[in-house]
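Engineer: So the protein sequences, as listed, match chains Y and P. Everything in the first sequence is counted per our numbering, starting at 1 for the first residue and increasing by one. Everything in the second sequence is counted per our numbering, starting at 1001 for the first residue and increasing by one.
Wrong hints could be hidden among the right ones.
Derived lysine to any residue pairs resembling SDA-like cross-links, with alpha carbons at most 25 Å apart [stated by the list, open to error]:
| no. | chain 1 | residue 1 | chain 2 | residue 2 |
| --- | --- | --- | --- | --- |
| 1 | Y | Lys160 | P | Gly1059 |
| 2 | P | Lys1160 | Y | Glu132 |
| 3 | P | Lys1160 | Y | Gly138 |
| 4 | Y | Lys175 | P | Gly1064 |
| 5 | Y | Lys175 | P | Gln1352 |
| 6 | P | Lys1175 | Y | Glu296 |
Hint data in this document are derived by calculation from the structure and do not stem from the laboratory.
Single-letter residue listing:
There are 2 protein chains.
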Amino acid sequence: MSAQRRLHLNAFLMEAGHHEASWRLPDSNPRADFDLGHWIELARLAESAKFDSLFLADGPAITGTGEFRPPGQLEPLTLLTALSQATSRIGLIATVSSTYNEPYNLARRLASVDHVSGGRAGWNIVTSAGAEEAANFGLDTIPDHAGRYARADEFLRVAKALWDSWESQAVVADKAAGLYADPGRIHRIDHRGAHFTVAGPLNVERPPQGYPLLVQAGSSEDGKDFAARHAEAIFTAHRTYERAADFYRDIKARTAAAGRDPDGVIVLPGIVPYIGSTEREARELAQQFDDLRIPEYGLRQLAAVFETEPSAFALDEPLPAAILARPKLEGSQSRSDLIIELAVREQLTVRQILSRLGGGRGHFEFVGTPEQVAGTITDWFVGGAADGFNIMAPALPSGLATFIEQVLPILRGKGLFREEYEGSTLREHYGLPVPANQFH
Amino acid sequence: MSAQRRLHLNAFLMEAGHHEASWRLPDSNPRADFDLGHWIELARLAESAKFDSLFLADGPAITGTGEFRPPGQLEPLTLLTALSQATSRIGLIATVSSTYNEPYNLARRLASVDHVSGGRAGWNIVTSAGAEEAANFGLDTIPDHAGRYARADEFLRVAKALWDSWESQAVVADKAAGLYADPGRIHRIDHRGAHFTVAGPLNVERPPQGYPLLVQAGSSEDGKDFAARHAEAIFTAHRTYERAADFYRDIKARTAAAGRDPDGVIVLPGIVPYIGSTEREARELAQQFDDLRIPEYGLRQLAAVFETEPSAFALDEPLPAAILARPKLEGSQSRSDLIIELAVREQLTVRQILSRLGGGRGHFEFVGTPEQVAGTITDWFVGGAADGFNIMAPALPSGLATFIEQVLPILRGKGLFREEYEGSTLREHYGLPVPANQFH
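For reference, chain Y alone in the conformation it holds in the complex (with noise of 0.2 Å):
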């Protein structure tokens, strides 16, 4: 690790913040997810303060019944190209399900957005674990876990070819010859495979980053597999340093044993900051978001992460033995994981598993003074368990203000964070190359 190794920052953006009451707040918008004011406030802040991305988690179905928390958003492509045109250099990567999409048009559209922004489109592949989204595409159960993977595997083998059938120079508009295009650069693909028949080419350019910032973010065996043959970035949640340096070992032994670089896989956990001027004040603020907590919704989210009903949990008691009994599920495998080894490493009740889980859904959650979130946040970076983070504010825009005001001059004045964007593309604030084309 050269002394220039920089600091990754993303702004997670979700609703009125990531806390599940953050709707609740007396100074929050309950109706952000469809007001796109709210959006471009955010954005924009997150690119003054010289973030690499914004990022956008999301799955094809609604989020619990809506009674207690705003349950729907705005489909992720669609409004980071809106964003895109309300900003210059920040990266813009949207959560997009290789299970319930063709990769003839998924590919079209990223390449399409990272036209559209000039080279700052992101796509975080997930397999879609939940049994309501699966019930949006005609499954009555959730597509097996192995399989999900597979299914992605090839996507991604299909998404990456198509992205490269148009070589850098096919296209000669010559106007006095009447050639538009050198069709002999403009590749056919032909795939067929087990999943996906695809003939090619895109019917689009090759789009400014050759193609997208590949992003994953599932931390089951699959799951880390998948990462070491395609991906770029890994967003993953861990509470303990141990625990995200162990993940960051393996992440990058994996990588190399796919035979790629383990530099060119950027690891990025997240955190919920809860910032006060005294561990007191940041305390009382973690405090208030709990109060405002609705038990009843952690339940439900509890019991849909381990595929069972609510009633299957006695709020008083630990984690049921039946469930810490269970086989792998084959639905969110990582997240069911992390939640279990949570509750035994601290012996907790169903209740405070709600409440640990009620900030960042099992991401780390950080309560201290500025100085203590940016030692943190180097001590892990500098320790070997992160590249950067995902900075997921308890509520939004007041809580990424917060972090941007008073943590970042502190990572600035160790010389870890960006003073201003030197690139242009999203690629270029990762440090990362263009990839080469495959038919050149």
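Given chain Y, put chain P in place with the hints provided.
Structural biologist: Structure of chain P alone, referenced to chain Y:
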């Protein structure tokens, strides 16, 4: 038809122009397709002239080989989302296939575009007639015509239910009580049909227009029946007043027979205007385009429409008898019928047919002075052959600018076209209401 009946005008945009050789003109930007600046210029030009909407055609496949004409384009909903942020009033109509998309994903994207544009989204529903498109989605042959329309009909029923799935009063956002939404007003749709099984609800709040303006462009029997059930605007191609008037009467009668108000369906033929200050100048302009045409390109396109090879045609002979005698195609029925009708009526050779199709792929080409263009538009509108037009400038932006500068003032002088926008949504420009919610 009341005294207040107003003409509707859409700016049908296509790369450097609708004429297939437009990219070769001295002033053309041959890289227009992927140059966002080009599209923003066109969008602002059309909005400054108070056009009802922008319209983009599309298909999920490359057009030709690229040798003779720009073969690709940005995905239209992505492009229109970007343009929504450079404009504030003009409608935004994207062509998207019901054959190669899933209703949950597409309903969500369209609702999202409607949200971020403030109620300006329109969907031109196509069933995708081409073999090249089929080959990008695992199909070795074009899916049959009737089957595509049956799928489209079910697709629309699912999409409308999803758009309706949030009642307008669903979100309560009662912070104190911790009640976000009334779950009794966010509805599952539980659709189970021949093509789709979709649980719902949509994860996007009902959009400003209720649902996007629904547009249809196929003129086959299946297409017209589909339009009578679902379409609120119809894009159509007719080369004579008589044909257009026949179609107009037919579609209004079918709409009434389907139990809908015929005035709720806006019929918009395409027109490709070659405008000169004298008839002679206009003819010279049209000739300038025709001289740049590459016959080999047109021949390949003609062969594709008739699902055959270019070698099936002889340039200086009429259409082969074998083509005229063929039964209905599975692909582009209305386009192939239109070409046959033109060729037979005017006793054209293949070479002459290619010249007639070069400007607008079969749409009505009109060569004349601004007064003549305005007169023809007025005649079709007043006589009952059109409720307005899709303006298909042979070169862009120049042909659109000429139409705006020279033809629009004449139409405004007759009181036929708006001076200013009166509404802010696309439905308001068309004088169409927000549809009732089926769950109310």
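Engineer: Which of the numbered hints are not met once you compare them with the structure shown?
Structural biologist: none
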